[in-house]
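Protein chains in written order, with the working numbering: chain A, 1 to 416; chain B, 1001 to 1180; chain C, 2001 to 2104; chain D, 3001 to 3118.
Simulated from the structure, these hints should not be mistaken for lab results.
When the alpha-carbon atoms are kept at most 35 Å apart in a straight line, the in silico DSBU-like pairs for lysine-lysine are as follows: (1) C:Lys2028 with A:Lys89; (2) A:Lys82 with D:Lys3033; (3) A:Lys89 with D:Lys3033; (4) D:Lys3033 with B:Lys1038; (5) D:Lys3032 with A:Lys78.
Facing chain B, according to a computed beta carbon distance under 7 Å, are these residues of chain C, among others: (6) Thr2003; (7) Leu2010; (8) Thr2011; (9) Tyr2022; (10) Thr2026; (11) Asn2029; (12) Ile2046; (13) Val2064; (14) Ala2066; (15) Val2078; (16) Leu2081; (17) Ala2086.
Here the structure is a predicted model, which means the values were calculated and not measured.
Yeah, the Cβ is synthetic: ideal placement off N, Cα and C, and Gly gets one too.
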Amino acid sequence: MQGVIDFLVSLNIPYVNASVARYIVLQVLAAIVAVAAPAGLIILTWLERKIIARIQDRLGPNRAGPFGLLQAIADMVKMFTKEDITPAKADRLVYNIAPGLGMFAAIMAFAVIPFAPGFAGTQMNVGLLYIVAIGGLGTLAILMAGWASNNKYALLGAFRAVAMLLTYEIPMVMTLVMVAVVAGSMSMVDVVEAQSGMWFVVSMPVAFLIFFLSGVAEVGRSPFDLVEAESEIIAGFHTEYSGIKFGMIMIAEYVHMFALSFFTAVLFLGGWQIPFIDVAALPAPFAAILGLISLLVKVFFFVFVMMWLRGTLPRFRIDHLLDFGWKFLVPLTLVLLIGVAFVIRLFAPGSSVGIPVAAGPLSGLGMPGQVVALLVTNLLVLGLALVVVSSAARRTRSKALRAVSAVDSPVPTAGK
Amino acid sequence: MFMPSNFDPSQIPLVPIVFWIMTLFTVGGAIGVVSSKKLFHSGLYLVLSFFGVAGYYVLLSAGFMAVVQLMVYVGAIAILILFAVMFSRRPMAAESQANRQWWLGLPLMLVLFVVLVVTVGSVAWPVSGAEPTADTVQQLGVAFLGSYLIPFEVVSVLLSVALIGAIILARGKVEGEETN
Amino acid sequence: MMTIPLSWWLTVAAALFSIGVYGALTRKNAIGILMSIELVLNAVNINLVAFWRYIAPHDISGQVFAIVVITVAAAEAVVGLALVLAVFRRRGSAIVEELDILKQ
Amino acid sequence: MLKEFEFVGLLGAITFTIPFVTLLLAWLLRPKKPNPAKQETYESGVQTIGDTWVRFKAQYYIYALIFVVFDIEAVFLFPFAVALNQLPLYALVWAIVFILLLFDGLLYAWRKGALHWT
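Work out the full structure: start from the sequences and follow the hints.
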C-alpha cells in the first residue's frame, strides 16, 4: 500500500501530497471492498446453485448465459422490479431500516481484513473484537426485522435466530481469545504475521473447528438454518419481506458468509501466507498479487465447505442446537482457553519492558515445542470432552432404558 | 478550481465534524429514549445513543472502549432490553410513557444541566498535552492482573452472582405460560 | 486531535446525564427507567474516558474504571430486567406507579 | 488511534449509502399497486388471529441473560490475552480463577435446568 501511495505522490499531480495520496488509496480500497463484497454474491449464488445441484444430481442453472453464469444477474433484475409490499400492520420505519442495517453490518465486517502484505485498510489493534462488535449489529437487524413485520412466524423466527446467534457467539469469542493469546495481539495484521511459522489450524485444530462451526451458525446457514426453516416457520424473520428488501436480506446473508470465510482464512489459515514461500519478502507487486490469490483460494475453499455442508446435512432441532452450544461448546472452549493460555505462558519469552517478567520454564524449546504442546493440549481437551460426553450419554441412555423396562414390567424382578 | 494551491485535506476539520455527528446520535438518541411513546422505539433510540458514544470513544483515542461499547451495549445489553420490552404487555401501544411528575422533571433536568455546565466551565482542568501510548489493550491487561487484581476478581464474582440471581428471578414458574 | 476542548466532552456528558435523570424520574414503565439509567452510566463513562485522554493519558486507570462501569451496568441490566419480568409475571404490569402493594 | 479507524469511517460512509441507493433504484423500477389483500399479514393464507406482539417463552430471555454475562467476561479476557507475556505466572492463576468463577455461574444455570429447553 505504501508503494501505491509513493507512486501517486511521484506522479506530481497538483494537490496530491503524501496525506492526500493516502486518503485516495484508502478511499479507493474502501470503495472496492464496499462494492466487491456484495458483488461477490453473483459468484457465490451461482457457485452455490451449481454445487448443490451437483450434490443432488441435477444440472443447476444453465439457461441464462454460458453455464448459467448470468443467473444471479437475472435474479437481481427480478428483485429490483418486483413490487415491494409492506404489510399494513407493520411498524413501517423499523421494517424499512432493518434490511439496510443488516447489509451495513455485513459489509462493515470487511474493514479489518488484511488482503495482502501491506494491504490492509487498518491495523486496528482491536481487530478481533471489532468482528464481534459488528456482528452484534447484524443480530440487532434480525431482531428489528422480525419484530417490525408484525407477523407471528417472523417474530418466532427472529427469537430463534437471536437465541442461536447469542449462543454461538460465546464459543466464537472464546476461540478469538485463544487466537489473541497465541498471536499476542488483537490486530488481524499481527495475527497473520504470527502465523508465518505455523498456521494456527495446525497448532489449534480444535479451536479452528469450533470457530468455523460457530461461524456457520452465526451466518445462519444449513445445518444451522432453523432461523429460516421453510418447513417450520415459513421463512423466519423475513417472512414478510418481498422485492428488493428481501434481496437485501439475502445479500447480507451471503456477504456475511463471505466475511466468515475471510475471517477463518485469516485467523487460522495464515491469511495471505503461502507455505514455504515468504510472500512478504517478494518484490511489492508480486507480494500483493500472490498474497491476494493465496487468500482468495483459502476463502473459496471455505465457501465450498459451507455449501457442501448445506448439501449434505439435515437441519438441527432448536433444542439440540442450543444444548450443543451451551452444554458442549461453551464448556469445551473455556477449558481449552485455560489450556492454551497455560501452554503459551510456559513457553513465553521473558520480558524486561516495564515490570520485568521471568521467561516461562519451557521457553528454551522455542517455536516447534510450542506448536507441539498446543496441538497436544487441543487433542487432549477434545478427547477429554468426548469421554465425558459419551459417558454422560451412556448414563442417560441406561436411565431411559431402565425407565422403559420399569414400565414394561411393573413388578420388579425379584433379586438376582 | 476554487481550491487554494496549498490545499491539504488533512486540514479539513474532520474531528469536529465527526464529533457533531456523534453528538447528534448520542443526544438525539437519548431524547428519543425519554420521549418516544412506543417502548420498542425507545430501545432502538437507545442503540443509536450507544452507537454515538462508541464514536466518541474513537475520537478520544480509546479504540478498545469503542469496540467494547459496541459489543457489550449494542450487541448484548440492547438485545436484552429489547427482549424485555417484547415481554412486557402492549409494547407498541402509543400511549404516553411519562408519569404524572413529568412537568416537575423537565425544569429539574434543565437546572441540573445548567449547574453541571457552569461547574464544568468554572474549573481549570489540568489538561496535559501528552498522547496516549499506542497499545492501551496491553496496558489494560497488565493493569487488570496487576494493580487492579482485586476489582478484576470481584467483577467475576459480581457477574456470577448477577447471573444466578437473574436466573432465579426470571425462572419463577407461572401457570399459563405460553409455549411458542 | 486535541482540537476539541475537554469542556465539550463534559458538556455533552452533562446533557446525556440530565436527559437520563429526566427519563429515570418521569418514565412510567420500569424498562424505560432502566434504559434511562443506562444513559446516565454512559454519560459517566464519557467523562471517565475524556479525563483519561486529556488529563492522564499514560495512566490507564480511567479506562479501567470505565470498563468496570460497563460491567456494573451490564449486571444492573441483567438483574434489573429479570426483576421487571418477575414483577410483571406476578402483577401483570411493569408500570411502576401500579406497583403499590406496600400501600395497601 | 484515529488513523486506525479512518478506514472504518471511510468504508462506513460508503457502505451507509449502499442501502439507500439500492432502495432508490428499486423504488424507481418497481410497480406500486398496493391493495388491502396484498398488505395483509402472511400466515399461509389463514386470517391472522390476535396480536402478534404477545409474550413469548422465558427461555429465550434466559439465554440472552447468560450471553450478556459471558460477553462481559470476554471483554476482560481479551486484554489478559494480549498482555499474557507481560504477566508473571501467578497472574495466569488469577485469570483461571476468574474464568472458573464464571463457569460456576453457567454450571449453576445448568444444574437448575435453566438451559433445558421445555
